[in-house]
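S.K.: Below are the chains, spelled out letter by letter.
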Amino acid sequence: MPSDQIFVGLEIGTTKICVIVSEGRSDGTISILGVGETPSRGVRKGEIVDLTTVSECIHEALIDAEEKTNVEIRNVWVAISGSHLKSFNNRGAFMLPEERDVIIEEDLKTVETNAKEVSLPAQNIFLHTILQGYHVDGRRDVIDPISMECQTLEADFHIVHGIKTRIHNTLRCIESLKLGIEDVVLSSLASSQVAVTQHQKDLGALVIDIGGGTTDFLVYYNGSVRHSGVLPLGGDHITNDISIGLRLPMQRSELLKIQEGSAIDPGGADLGTITLKNDLGFLGCDISKTSLQIIIHQRVHEIFELVRKDIEGSHEGMIGMLRAGVMITGGSSRLRGIATVAEDVFELPAHLTRAKEVGGATQTFENPQFSTAIGLTKYAMAVSENIPEESVFEKLTKGIGGIFRRRSR
Amino acid sequence: MTSQLRQRMLIGVGNAGVGILDRLNIENPGVTGTLIINNDPESLGASIVTKKMTLPPGDVREGFLSIEDDFVKAIEGSASVLFCAGLGGDTASLMIPLLAARAKTMGLVTLACVGIPFGFEGKQKRELANSALKKLQGVCDAVAVIENDRLTGTDPTQTSVGSAFQLSDDLLYSSVRAVQGMLITTGPMKITRGDLALALGKASPMHFGHGRSEGGNRLHEALERALRSPLMKKKEGLPVISEAGMILLLLKGPKDLSFAEMQVAVEEIERIAGKKCQIKVGVDANSFSTSELEIFIIVTTDESEVSEQENNFAGVVLKDSPVTSTQMRPKREIANKAKQTTPAVKSTSATNQTQGVLELNSYQRGRFDKSEPTIFEGEDLDVPTFLRRGIKLVAPPK
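If you're matching them up, the sequences are chains X and B in order. Letter 74 of the first sequence, counting from 1, is numbered 177 in our numbering, and no numbers are missing. Letter 226 of the second sequence, counting from 1, is numbered 322 in our numbering, and no numbers are missing.
Just so you know, these hints were derived from the structure itself, not from any lab. Any given hint could be a false lead.
Subject to a maximum C-alpha distance of 30 Å in a straight line, what follows is the list of computed DSBU-like cross-link-like pairs (lysine-lysine) [what the hints assert, rightly or not]:
1. B/Lys351 with X/Lys189
2. X/Lys412 with B/Lys147
3. B/Lys148 with X/Lys189
4. X/Lys212 with B/Lys148
5. B/Lys200 with B/Lys148
6. X/Lys219 with B/Lys231
With the sequences and hints as input, model every part of the structure.
M.R.: Structure below.
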């Protein structure tokens, strides 16, 4: 098998670090060869707070993946998250010179550069410039404008930026392991590569990836990315709330959330009690199931409310236009009743989703907590032909970050 | 429509003005009341500000006439207009005085934040900027001026061109936010337009500092950064605050900004400022979604000029905020006010405190105790939702 068809995705999550090794197929799909996984330490709310410990965890996950797949990993695609990542939409315009009236490849780069001619906060750098569509002399949604006659070429972009030092620290952590970095990808953009279909993107969909430390979300409308955001809230907060509310140790709270937890609002109903058995360092006790559900429901409802508020703050009325509804993925999407709460908050149909159109290790792609890492390899396959020959540090420093010159799907 | 609901327009003119408003829009998505005016269609096309006006190439006066009607429509009904630009180029230098004069004829409070180019940018550019500044000072109620040459410090050979321009952009942007922030402060601790006009309505150099920080020591760190700003020094590199005649101090932060923090800031400024210094304090502790505290300081040094301005200003008509004698209270009074509103440590009435760190810390944050708090609209989201919403849990049957 040619080595250039092997893609490795690395996700440094708050609760786990995972490495997915996939093989690109000729029909455009990917097949998962294996997954390396280790519990995460040194990551809070999606951001690295202890470089040395995180490096050790990545190393463990890489060894695990290499042993399972028999592939020597040299380069990885990295997912990035954290509430420092912000986004906005902008239009770039370019008037063709008088001596020429046909659009050439260079003009596409110029409109992209012009769209980025905005003053970011001094400490921030561009992460992605995702094309939404071209306008040729006012004609909207042109997919491929090259060779078209035109006077003014315009293009709309979704631009993602973040704090330079925080992005660089993630990269340094990986480079300390002598690993090459192919590119850095926004986590929600990676998950949506496999969690939603092209048809759903065209109809309009909100993809929500609820992980341990963050909730990453992305809005697709008419096939392109319209909005993205990251909340520093996730499954860890639910566990913490249970621990505080029911006065239980964190580990016991996590187990209780997985085994008995539900996000459905209990209303006034009495759901009875749950008996927690004795365990090492924990004396058993009875807890109210109603209380457990109230705690979880309140937090999940609030997370979705914040997502809604964030989207409506920038795009009023857009949520109502998302005909494919809400797609929920990520480790915390396995919480019972989460889709019902989403339907209530967004007033849209909500579905739990995981990696689709993927072959290989079934157990892996059926698990929504691997959506981001699997999506990274799908993203890698889609864009690897366009990677410029320069290091990821150079790309980010020059503000090129994001190699999506063509329409991002 | 009441005056409270009237919009405060922020208008960026020329390339620097467009850059500032873009940055403002990026950092505050959904911000309203912004308008950009430029003669460069590419710069306008690339900007994310939605309200834009394109000036035709050629004569500036004709350009002004071509957009005058639209400009009047855009600012009509506003409470104030704040122009921002880097002076020195033709567009901003020639256009802003015309726009400001037009706004003034409509009876609006008219303010400006402008940058004066570096000496190495050429004599012609500086002369054009100085002439524009003079016109602006004749028209506007207050003009905040960032003099770029003062940013390079006492030893310009040690400053790279790139970092000097970056610093200049940052300070101009911060000064716009400072003036804008001072305009919108409400409540008992506010800086009035009269205070602003007193501090900025004169031709002497503006001393401006800005610092931000978060975490347990945010107040001291932010204050130190603000005081160390290059514009807080005289040309010889000496700190200017010890000779201050009047100081405008704005604290911008989340809802957990405590009275104690405000009091420390005022006392610290008082300690290092001259005895005759008058401090005006504004607090905006509602608008932030983070735990970051920002401090903006504007200092005027020439006391005699302040008094002169004070006298002159009595004749200036500021419709919404007439200058009254109560706004000119001596510094002790302001410090006392801070003390009065701060619950004494031993006081039994400490429960009257309605906002601040103490109340928030009484909630449990569990495993997030040592993490950077997640503040949104003044709430610490690391605190369980059911606790913040006051929802009672059901006790299990015994």
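S.K.: Hints first: check each against the structure and report whether it holds.
M.R.: Right, here's what the structure says about each hint:
At roughly 23 Å between alpha-carbon atoms, B/Lys351 and X/Lys189 fall within 30 Å of each other, so this suggested pair holds. At most 30 Å may separate the alpha-carbon atoms for a hinted pair to count; X/Lys412 and B/Lys147 meet this at roughly 23 Å. Restraint check for B/Lys148 and X/Lys189: the C-alpha separation of about 24 Å stays at or below 30 Å, so the hint holds. For a cut-off of 30 Å, the pair hint linking X/Lys212 to B/Lys148 stands: about 24 Å separates their Cα positions.
The hinted pair formed by B/Lys200 and B/Lys148 meets the criterion: a straight-line CA distance of about 21 Å does not exceed 30 Å. As the CA atoms of X/Lys219 and B/Lys231 are separated by approximately 34 Å, the hinted pair breaks the 30 Å bound.
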